[in-house]
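Student: Residue numbers (numbering that gives the first Met the number 0), protein chains in the order written: chain A, 0 to 320; chain B, 0 to 223.
Keep in mind that the hints were calculated from the coordinates and are not lab data. Glycine included, each C-beta is placed from N, C-alpha and C at the ideal position. You can take every hint at face value.
Now the in silico label distances, taken between C-beta atoms and shown as ranges:
(1) Y303/A to V178/B: 50 to 60 Å
(2) L80/B to R82/A: 47 to 57 Å
(3) P23/A to A45/B: 53 to 63 Å
(4) R120/A to P65/B: 26 to 36 Å
(5) A45/B to M246/A: 17 to 27 Å
To list a few chain B residues with every Cβ distance to chain A over 10 Å, as calculated:
(6) L23
(7) L52
(8) E59
(9) H91
(10) T94
(11) R144
(12) P154
(13) W183
(14) V200
(15) P203
(16) A207
A few chain B residues that don't get close to chain A, going by computed Cβ distances all over 12 Å:
(17) R92
(18) S93
(19) H148
(20) P156
(21) R182
(22) G204
(23) R211
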Amino acid sequence: MRVLITGMGGELGTRLANQLDTDPAVEAVFGLDIDPPRRRHRAEFHRVDPRDHETTTRLIRGFEPTALVHLGVYEPYARSSPRSAVERTAAGTLAAVSAAVDAGRLDRIVVRSGIEIYGRRRGAPARPDEDVRPDPTSPFGRQLLHVERVCTEGGLHAAAPVTSLRFAPLVGPSFPSPLGRYLRMPVVPFRALGDPPFSLLHQSDAAAALLAALRRPVDGPVNVVGAGAVTASQAARVGRRLPMPTMGLGWTSARLFSELAGAPVPDHVHELLTRGRVADGSRAFERLGVRPERSTPEVVEDLYAWSEIVRVGPDVAGEAA
Amino acid sequence: MTVVDAELAALDPDLERHDLAGILARRLSGRFTIDEWGLDRDLLTAVTPLVRLRWGLRIEGDSVLPEIGPALLVHSRRVGLSEPGVLAAAVHRSTDRPLRATGYLASIPGPVGPFARRLGAVPGDSADLRSLLRAGELVGLPLGRQVRHPFHVGPVPAAPMAAALAAGAPIIPVAVLGVEVGRWWSVRFGAPIPTRRRRGVVDPGELAEAVRQRLQALLTRARG
Numbered sequence: 000m001r002v003l004i005t006g007m008g009g010e011l012g013t014r015l016a017n018q019l020d021t022d023p024a025v026e027a028v029f030g031l032d033i034d035p036p037r038r039r040h041r042a043e044f045h046r047v048d049p050r051d052h053e054t055t056t057r058l059i060r061g062f063e064p065t066a067l068v069h070l071g072v073y074e075p076y077a078r079s080s081p082r083s084a085v086e087r088t089a090a091g092t093l094a095a096v097s098a099a100v101d102a103g104r105l106d107r108i109v110v111r112s113g114i115e116i117y118g119r120r121r122g123a124p125a126r127p128d129e130d131v132r133p134d135p136t137s138p139f140g141r142q143l144l145h146v147e148r149v150c151t152e153g154g155l156h157a158a159a160p161v162t163s164l165r166f167a168p169l170v171g172p173s174f175p176s177p178l179g180r181y182l183r184m185p186v187v188p189f190r191a192l193g194d195p196p197f198s199l200l201h202q203s204d205a206a207a208a209l210l211a212a213l214r215r216p217v218d219g220p221v222n223v224v225g226a227g228a229v230t231a232s233q234a235a236r237v238g239r240r241l242p243m244p245t246m247g248l249g250w251t252s253a254r255l256f257s258e259l260a261g262a263p264v265p266d267h268v269h270e271l272l273t274r275g276r277v278a279d280g281s282r283a284f285e286r287l288g289v290r291p292e293r294s295t296p297e298v299v300e301d302l303y304a305w306s307e308i309v310r311v312g313p314d315v316a317g318e319a320a
Numbered sequence: 000m001t002v003v004d005a006e007l008a009a010l011d012p013d014l015e016r017h018d019l020a021g022i023l024a025r026r027l028s029g030r031f032t033i034d035e036w037g038l039d040r041d042l043l044t045a046v047t048p049l050v051r052l053r054w055g056l057r058i059e060g061d062s063v064l065p066e067i068g069p070a071l072l073v074h075s076r077r078v079g080l081s082e083p084g085v086l087a088a089a090v091h092r093s094t095d096r097p098l099r100a101t102g103y104l105a106s107i108p109g110p111v112g113p114f115a116r117r118l119g120a121v122p123g124d125s126a127d128l129r130s131l132l133r134a135g136e137l138v139g140l141p142l143g144r145q146v147r148h149p150f151h152v153g154p155v156p157a158a159p160m161a162a163a164l165a166a167g168a169p170i171i172p173v174a175v176l177g178v179e180v181g182r183w184w185s186v187r188f189g190a191p192i193p194t195r196r197r198r199g200v201v202d203p204g205e206l207a208e209a210v211r212q213r214l215q216a217l218l219t220r221a222r223g
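Next up, chain A with everything else stripped away, as it sits in the complex (with noise of 0.2 Å):
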């Protein structure tokens, strides 16, 4: 298998290339981002912005991958700000999956997605399962809804089997989330009638999906959601931060201070924090034989924990390949 990782840069494409790395199916590994990996592994990895369509073509289709797995799908204020994520997001993916499908030995595309794409208009289901027809309601599921279209398609010249895993939103002490950064703050703005509840992810479940996605492809969407539920309020107590009811207009305000302290809220998590995020995750262990491992409490408290940080030296094997 040779693997193509986009957005490789970022937190799960790095523990994805390190899982392969020991892999005797997986005969080479080629990255692709804007940022390079924080640890390092034998893959081969290029700095190339998702925007500069020429270049990624090229570094594509001389690797001939024969495995997509698409993670250059940046959330708003999570690593780009919401303009140069929409357009990173967009311009990244139809190059990669149009210049991966050209080389023409793909067999199998794997997706991150979110069940942002859901959406959140009145009436649509409170846990939705991936019979239900996406209808985002906020750029980013937008942005998802695009870039699932957009594989499907590609998955579709190729005859590969496309699996887009929808994850719930995924927060943890090292991961850049605007969510994660948002319930770190002090002080917590929550919806004072009826704050709901929300799921989450953690990102080495996430990674375990991607990893069974890749060696056992399936073909359609998959959620993959953390057990149980949390709401703001309660995340916020367990961090011992303080929670602030807030509703109507002062969620403007609530929103410009989370700004200015360093915590910008994008329309999607706003729209989690008003209007609740979970879904079914049942046809994860169904299909791909997963389950994720930490449920939605345990996430928070490891956001809220400080880990030891485990130092590891140079990676001598590595070095001398």
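Got chain A sorted already, so can you dock chain B onto it with the hints?
Tutor: This is chain B only, laid out in the frame that chain A set:
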């Protein structure tokens, strides 16, 4: 033999401490359970005595309620204000399980809808019904209002029956009878209609008709 309550409580929410000190400590530390549909078990525990003050229940045939696993409880409704609460109280008293009452309650704007969700109300979208039954919950499905003819069963929709069939959840007809401002309500559970291991293809419409007939029989018996 030693009792390891702390560890067990972490594994099983039913073993949590239900005394005031235990509940308060949980609330302040944020380590209480709110599930994916917004149900808050502590709140449910707190509200139960109030429900007993308001309603007196006569429960019949509650042995059909499953202790584990899903079931679709199709119940009659007259005006429909008290029925979800009455049925939830009856189910909670018999099995100590929460009832997921579908219907308008969860969608009331303002503080009422969100509060109802904390007590187990869910919007009745068919996707939600599917997902609730798959997760092994007891789901309450109200039938059409029968204000003038409380002993007559209205049409039974087929889509929820299809969801129960897909999940293999038994369908239990329930007659909920009482007067809106009265104290005494009667809740009669009928024999469950199995949906698992049925031979051949079952038409949800036929199933709906079977449910309607059983519920009608229950109501007729209650009247006579």
